[in-house]
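Heads up: the sequence lines are chains A and B, in that order.
Residue 271 in our numbering is what sits at position 274 of the first sequence, and the numbering runs on without skipping anything.
One rule links them: number in our numbering = place in the second sequence (from 1) + 60.
Mixed in with the good hints, there may be bad ones.
[Unchecked claim] In silico BS3-like cross-links for lysine-lysine, where the CA-CA straight-line distance does not exceed 25 Å: (1) B/Lys314 / A/Lys149; (2) B/Lys255 / B/Lys140; (3) B/Lys308 / A/Lys301; (4) B/Lys257 / B/Lys140; (5) A/Lys206 / A/Lys301; (6) A/Lys301 / B/Lys295; (7) B/Lys140 / B/Lys167; (8) A/Lys149 / A/Lys190; (9) B/Lys167 / B/Lys257; (10) A/Lys212 / B/Lys308; (11) A/Lys277 / A/Lys301; (12) A/Lys277 / B/Lys308; (13) A/Lys212 / A/Lys301; (14) A/Lys190 / B/Lys314; (15) A/Lys301 / B/Lys314; (16) A/Lys267 / B/Lys314.
[Unchecked claim] Taking beta-carbon pairs under 8 Å as the criterion, some of the chain A residues facing chain B (in silico): (17) Val7; (18) Ala68; (19) Asp93; (20) Ala105; (21) Ile121; (22) Glu125; (23) Val131; (24) Val228; (25) Tyr235; (26) Leu289.
I should point out that these hints are in silico values taken from the structure, not numbers from a laboratory.
Positions of the beta carbon are idealized from the N, C-alpha and C atoms, including for glycine.
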Amino acid sequence: MAIWVFSSEVEGAPSPTSLELLTKARSLDTDVAAVYLGTSIEEAATVLGAHGAATVYHLSPAGALPAAGAAGALAELASAESPRAILFGMGPDDRDVAGRFSARTGTAVVANAIDIRLDGDTLIASNEILGGTVRVDTEVADRPGIVIARPKAFTAEPGDGAAATVTPVAMEDGRGTVLESHVEQSEGPDLTKADVVVSGGRGLGGADKFELIDKVAGLLGGAVGATRAVVDSGWVPYSHQIGQTGKTVKPSVYIAAGISGAMQHVVGMKDSGTIIAINKDPEAPIFGIADLGIVGDVNTVLPKLIEALEAR
Amino acid sequence: MRIAVCAKQIPDPATPYELDPETHFVVRPEEQVLDDTDRYGIEVALQLAEAAEGTVTLFSMGPAGSMQGIRQALAMGADKAVVIDDEGLRGSGALTTARVLAAAIEKEGFDLVIAGTESTDGYTGIVPQQIAELLDVPALTFARAFSHDDGKLRIERQTEVGYDVVETEPPALMTVTSGVVEPRYPTFKGIMQAKQKPVEQITAAELGIEETGSVAAGQAITAVSPVPSREAGLKIEDDGEGFAEIVKMLEERKVI
Ligand SMILES: Cc1cc2nc3c(=O)[nH]c(=O)nc-3n(C[C@H](O)[C@H](O)[C@H](O)COP(=O)(O)OP(=O)(O)OC[C@H]3O[C@@H](n4cnc5c(N)ncnc54)[C@H](O)[C@@H]3O)c2cc1C
Ligand SMILES: Nc1ncnc2c1ncn2[C@@H]1O[C@H](COP(=O)(O)O)[C@@H](O)[C@H]1O
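Next comes chain A alone, as it looks inside the complex (with noise of 0.2 Å):
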């Protein structure tokens, strides 16, 4: 009764949420393998063996579009090994992947699960419907059952498994082409992983503005979070949003900046330690999760807050 989870690449690893369901799984099962899709194999199968998987069953894209072939050679392997369960994460490939096999072998999917568990021999995953505000637990009946799970719902923490044994899986070639690839750099730390997050919202009032949010977290040693307000408006790039279709961030401390608090932004950060917002409008429903909300202008405020902890 195997538990399988997708992992794949980011930057020449393992993406962190494939990491942190491997840990879940470990906890759930004694069998537990990883499918990686990626090139760096090496590498990923000392850390996918860290994290629990005793195999790690290897798709080589080979700069194509590489879902749909993934989505077969997985089919297939599935209906040999028939494992009880396969858990993806939310990367772009993950739902790509976790999409196009749901449809090829007709299973149905729970989607941006935060739990997940075994009752006997039952899988059972909880998601949050309703911008979060609705708990639902589902029983899977299909085999494999498959689960998206929201990233930071689990902790991920290296065990002291062995490199995970490879087996190659051939693929079938993807019908599009990956031409180009490219980082977009972000200075300072790593949004999921710093202790302080600062974030800008569209009532910053223009992308010169977000030099404020720049500053406030060079000050703090933290990082830069945005609205996907501001990254669809070009202020910032992607990499930088939170929220539903963005990161998932829990740091000790959130500072939000001119954000209203949408529900959609608010699942990637309601989690933080302490929430700290500055809004001019004293009913923004940021205020409802906050611990601290200044009902102010961030042009007049974060400029004093910046001398302030300038003169530290």
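Start from chain A and add chain B with the ligands according to the hints.
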């Protein structure tokens, strides 16, 4: 080029959603709106159709209601709509939704299918990939920019760390993020014309899909409970000294 756009009608997100206590399904009001997420797909489709003398057909599954959302989409400039409304489809999961949409799109014929990356109310974020697999076409997903020339469709595909440039040839499916284009607002003329545009209403059975609803889901809801929300703390009006409260809290939390 025949372009199919998946567009969903949803309850107005500005009004709180209600769950039916028995079925756990979202209560759908008569008046629904076009999912904002789908305005981007419609805009991309219109731009492609304008450049390549194409047609834009909307595909929507769910309670048709007053069709307000569909009319909004037609008012932007889409040519026609196919709405699959069937009592048996209530409570359908993503896969059933994809099966229904794929069957309707296939029946109509297509060169390109366009969808959003995730719906505002359901946000499973996999219906489009399922449709692509069912139609057996490549999928260019998470487009934040696109171009179409020499018969090739090329996008900037958003990744976790940046973007990839990927390309394929139709028939294909593409999902678009909200940063990809600026959706147009319907003009008065568009709104008037939308009233005359064809809207075809069909059932799942007419598409040859028998197993629908939660029966086909392969899963069952066992519990539904409210999520405890965070408590609000101190809220103060900035009198010029608001920053000092922030400094104080940062000190308390030992960040500085
Ligand atoms: C399917 C879907 C997925 C989404 N995913 C995400 C996501 O992942 N992340 C995300 O962030 N959003 C997401 N959104 C968008 C989300 O719904 C909101 O539109 C977005 O979060 C709003 O961003 P904002 O707070 O910057 O802007 P706004 O909502 O416009 O808020 C700006 C705020 O700034 C305040 N303000 C204005 N001027 C000042 C000033 N001078 N000083 C202080 N305050 C000021 C205003 O009072 C207002 O509260 C998603 C939406 C959908 C439909
Ligand atoms: N019932 C539906 N009718 C039409 N399109 C849909 C429907 N459900 C999902 N879609 C499309 O699929 C995208 C992703 O939806 P979802 O998988 O529900 O998050 C949406 O943005 C729509 O374009």
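Now for the hints, and whether the structure bears them out:
Taking the CA atoms of B/Lys314 and A/Lys149, the gap is about 24 Å. The hint holds against a cut of 25 Å. Pair hint B/Lys255 plus B/Lys140 holds up; C-alpha atoms about 11 Å apart against a cutoff of 25 Å. Proposed proximity of B/Lys308 and A/Lys301 is supported: the alpha carbons are some 14 Å apart, at most 25 Å. For the hint linking B/Lys257 to B/Lys140, the alpha-carbon distance of about 6 Å falls within 25 Å, and the restraint holds.
Note on A/Lys206 and A/Lys301: the hinted pairing holds, with a Cα-Cα distance of about 14 Å set against a maximum of 25 Å. Straight-line distance between C-alpha atoms of A/Lys301 and B/Lys295 comes to about 18 Å, which keeps the hinted pair within the 25 Å bound. Annotation: proposed proximity of B/Lys140 to B/Lys167 holds, straight-line Cα distance about 15 Å (limit 25 Å). A distance of roughly 10 Å separates the Cα atoms of A/Lys149 and A/Lys190; the hinted pair therefore holds under the 25 Å criterion.
Annotation: proposed proximity of B/Lys167 to B/Lys257 holds, straight-line Cα distance about 19 Å (limit 25 Å). For the hint pairing A/Lys212 with B/Lys308, the CA-to-CA distance comes to about 19 Å; that is within 25 Å, so the pair holds. Restraint check for A/Lys277 and A/Lys301: satisfied, since their Cα atoms lie roughly 16 Å apart, inside the 25 Å limit. A C-alpha spacing of about 20 Å is found between A/Lys277 and B/Lys308, which places the hinted pair at or below 25 Å, so the restraint holds.
Distance check on the hinted pair: A/Lys212 and A/Lys301 sit about 12 Å apart at the alpha-carbon level, within 25 Å; holds. Restraint check for A/Lys190 and B/Lys314: the C-alpha separation of about 17 Å stays at or below 25 Å, so the hint holds. Using a Cα cut-off of 25 Å, the hinted pair A/Lys301 and B/Lys314 holds, with the two alpha carbons roughly 20 Å apart. Between the alpha carbons of A/Lys267 and B/Lys314 the distance comes to roughly 20 Å, so the proposed pair stays at or under 25 Å and holds.
Interface hint status for A/Val7: upheld, as the beta-carbon distance to the closest one in chain B is roughly 5 Å, under 8 Å. The restraint placing A/Ala68 at the interface with chain B holds, with a minimum CB-CB distance near 7 Å, inside the 8 Å limit. Checking A/Asp93 against chain B: minimum C-beta separation of about 5 Å stays under 8 Å; hint holds. The beta carbon of A/Ala105 is positioned within 8 Å of a beta carbon in chain B (closest approach about 4 Å), and the interface hint is therefore held.
Restraint check, A/Ile121 versus chain B: the minimum CB separation of about 7 Å is within 8 Å; hint holds. Checking A/Glu125 against chain B by beta carbon gives a least distance of about 6 Å; that is within 8 Å, so the hint holds. Interface restraint check: A/Val131 against chain B, minimum CB-CB distance 6 Å, threshold 8 Å, status holds. Among the interface hints, the one on A/Val228 holds; its C-beta lies about 6 Å from the nearest C-beta in chain B, closer than the 8 Å criterion.
A cut of 8 Å between beta carbons decides the hint on A/Tyr235: the least distance to chain B is about 5 Å, and the hint holds. Because the smallest distance between the Cβ of A/Leu289 and any Cβ of chain B comes to about 5 Å, under 8 Å, the interface hint for this residue holds.
In this structure, every one of the numbered hints holds.
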